[in-house]
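Chains as they are written, first to last, in the numbering used here: chain A, 1 to 56; chain B, 1 to 448; chain C, 1 to 368.
These aren't lab readings, by the way, just hints derived from the structure by calculation.
Note that the structure is predicted; figures quoted are calculated from it, not measured.
Be a bit skeptical, because a hint or two may be false.
Here are the simulated lysine to aspartate or glutamate pairs, EDC-like style, with alpha carbons at most 16 Å apart [what the hints assert, rightly or not]:
#1 K321(B) x D208(B)
#2 K190(C) x E76(B)
#3 K206(B) x E196(B)
#4 K190(C) x E328(C)
#5 K80(B) x E328(C)
#6 K28(A) x E41(A)
#7 K55(A) x E344(C)
#8 K364(B) x E402(B)
Here are the chains, one letter per residue:
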Amino acid sequence: MGLRLRQAVCENWIKTQTPIHTVIGRLKTANFDPEFYRRHEPAIQRQFAEILAVKR
Amino acid sequence: MEVTSDHSFALAQAPLPVTDAKEKATLAAVALGLLALLGAAFDDDGERARLSMYVALGLISGGTLAWAWYKFGQGEAGVKQNNLWLRASTSRGAIAWVTGLVLTGFYVLLYWFPQYLENLIRTLDPFSQALRNRAADQWFLYGTFYTLAVLLMGGRALWKYRHSRYQLIRTLSVMFFQLGFAFLLPGLLLFFQQPEFYFSYFWPLKYDYLFPGGVADLVKNGGLGVFMVFWGAIMSLVATPILTYFYGKRWYCSWVCGCGGLAETAGDPYRHLSDKSRAAWRWEVRLVYPILALIVLITVLLWVNQLYGSFLGEIGNSLNKFYGFAIGAVFSGVVGVGFYPIMGNRVWCRFGCPMAAYLGLLQKHFSRFRITTNGGQCISCGNCSNVCEMGIDVKQYAQRGEPIIRASCVGCGMCSTACPRGVLNLENAPERVGIKHRNSFTPIRCGY
Amino acid sequence: MHLVIIGNGITGVTAAQTVRRLQPAARITLVSDESEHHYSRTALMYVYMGHLRYQDIKPYEDWFWKENRLELVHGTATALDADQHQVQLSTGQTISYDNLLLATGSVSRRAGWPGQDLLGVQGLYGLPDLAQMERDTQGISRGVVVGGGLIGVELAEMLHTRRIAATVLVRDQHYWGSVLPPEEAELVDKQFRQHDVDVRYRTELREILGDTDGRVRAIVTSQGEELPCQWVGLGIGVTPNLSLAQSSTVETDRGILVNELLQTNLPDVYAAGDCAQHRQPGAGEVPIEQLWYTGRMQGETVAHTICGRPTPYRRGVWFNSAKFFNLEYQTYGQVPARTPTDIESFYWQHPTGNCALRINFAPTPMML
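With the sequences and hints as input, model every part of the structure.
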């Protein structure tokens, strides 16, 4: 929603059943937003890490 | 009933979009400003003409900015293209033709009958004295209007495209280069008794910068003049290929160039009018490359004359005169800007500019820049082609899942901005994620 | 080989282009009663909003068809004689085929509401619908859109650009309840609010009321509320167009029944795109696919089989995209509205509510 993602990268992740950690870590490679757009990967990665910490 | 080109399909004429009272008020201010400008042009009394000019500039500036804010600055940020093809002003209606005639007429006066602009020119004397320490001339008047147009309509573009950081930064860039490098700096150079030099224009667009005559004129001004010659040569022959390799021709055409700056700001309401047909593309290559070849030939001839005596006679000079008239004045000025409301905002850049041709050849063959297509997401809606000011039928590539690598693309990024499905992206990273999958997309999904 | 394709939508045209590539010598005829040339259905809204003209939504220039030797016939296919390998046209013409592809697309669905045939009630599927909407929404003050799906939000946006007040009736408790999880639906709802669209959730259409001229004057909702309006847009989906198929011995159910090679029960007759119903859809897949993308893929697949390279239709990793007013949407893989219990869902949303990301994954081992 409101983000553009690279189809080739996402499809490859899904087809090869990539571990979620790898996906979150390499989220940048899937970014297809235009240049100079605000990058959200750090915020997403932070939130993922927080959720993980709570679970453990 | 309006019958479209397909006989099978008739669509009722859509109602004309409403212009409400507030919008009318802002437009009225602009119209009054234009009237005041006309008053200044016909008033032989210098004091009164100047006053009239100030009123005109105030009303036009205030009115334009108020209108732009009212139309585009409010509400949610996003693609704002409603009624583009329904309004007479942006769909080759009566208003567009009148606008085109007025602009064309202004250029004709400017180039060949400046005496009729004398009153207007004189009103700018105090400003010209302050900036350049000399009286105004027709080119100062032109430069003032031009820069004002870029700044005011740049404000409109900033509001209209505020959802896209790429468009915001790019628009600010063309506004900065026009105001600083193409207006204030040349003026200040004159103020300090230096040659009037535009650091943002290069050969072959500003062709005389590498002509023997142009070089001699600069060099005789001493140290700074020599630097200017050096700057011009380096920018044309070394920096241009390098920058184009990394960023594509956009580093110049849609970020720096003044012609591009006007097209991207004042010309933005007309970008969709550029012809996307294959026939138009054929005209493009028939015109723009011969023009590049011609200016290279003229440059070579002039240097041969200079270095080996004038055994070629006056061919170089006559060709130069012809080029200056036909290409420099008629094409880039009268047609290039005058026809904005009819043929789109990049007529000159697309069909005539030798710099664009040179950059285009580099971009096509020696550049990392391309617009990548996001897999099979294209729905062939045509919004990308519509907003392409260079007349590229972008969807032909997008719907096949191919990257767009075209000589003419100026990298304005509007196709990517307008795409409703996030399919297009301007990229110049080394051949990595995007390009590895460059042709890997075929709509067929068999086999996995 | 003479291939006759009924329908010039994305499926028919993709099939034609693919066959041309695979068999340069084949004779290919496209029959359509809707438009002379192929156009992009998904772009109809942009014509109404004035972003584009009709000629701008044609994916190919008019010379394309002749240069690629794709014969265009403008007419309705009225009858199919599979024994004679012939199709009868409304123009009186009879066309013989070696292979026939039925790519007849869809028609807008109507649920049998009282008053659904009044003037000013319509769906948005093709050019006639666009022309009708252009005609029937001029000078009106309020339109009601029925359906909380993709067409529903498009219709609301179209009305909004003409400054016509819009009310959207959504059956579920949130927008696109069959596809979007509640968080994402909330973002779409925010778009509705920002554009002054009045959305009624858990509300259905009960009845459409007409005036003495047979025009819409109001609707009655399932709650019994009467809403005055002059136009009703139906966005509750489409259903396969079977008008030709039902004139023949082609087996149909909701759609034209096909096997995984997209073959019908009749020899040399194929069906693909919106109108086709798969006898055995893949796991987690629906039998009737009605998307631009699936139409294109089915068209390309069936072309291979027609050219003697039998190719089963496999959809691959699911993807789709849309735009809700200013909000873009892309999805890859299966991200259902209600996350299954054996799946974990990671959801991030920007504080502004203008963008969000959801990733579903298996918890053990933690992978997509």
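Hints versus structure:
1. K321(B) x D208(B): holds, 12 Å
2. K190(C) x E76(B): holds, 11 Å
3. K206(B) x E196(B): Roughly 13 Å separates the two Cα atoms, so the pair holds.
4. K190(C) x E328(C): holds, 13 Å
5. K80(B) x E328(C): holds, 15 Å
6. K28(A) x E41(A): holds, 7 Å
7. K55(A) x E344(C): holds, 12 Å
8. K364(B) x E402(B): Between K364(B) and E402(B) the Cα gap is close to 15 Å, so the pair holds against 16 Å.
The structure is consistent with each of the numbered hints, conforming to all of them.
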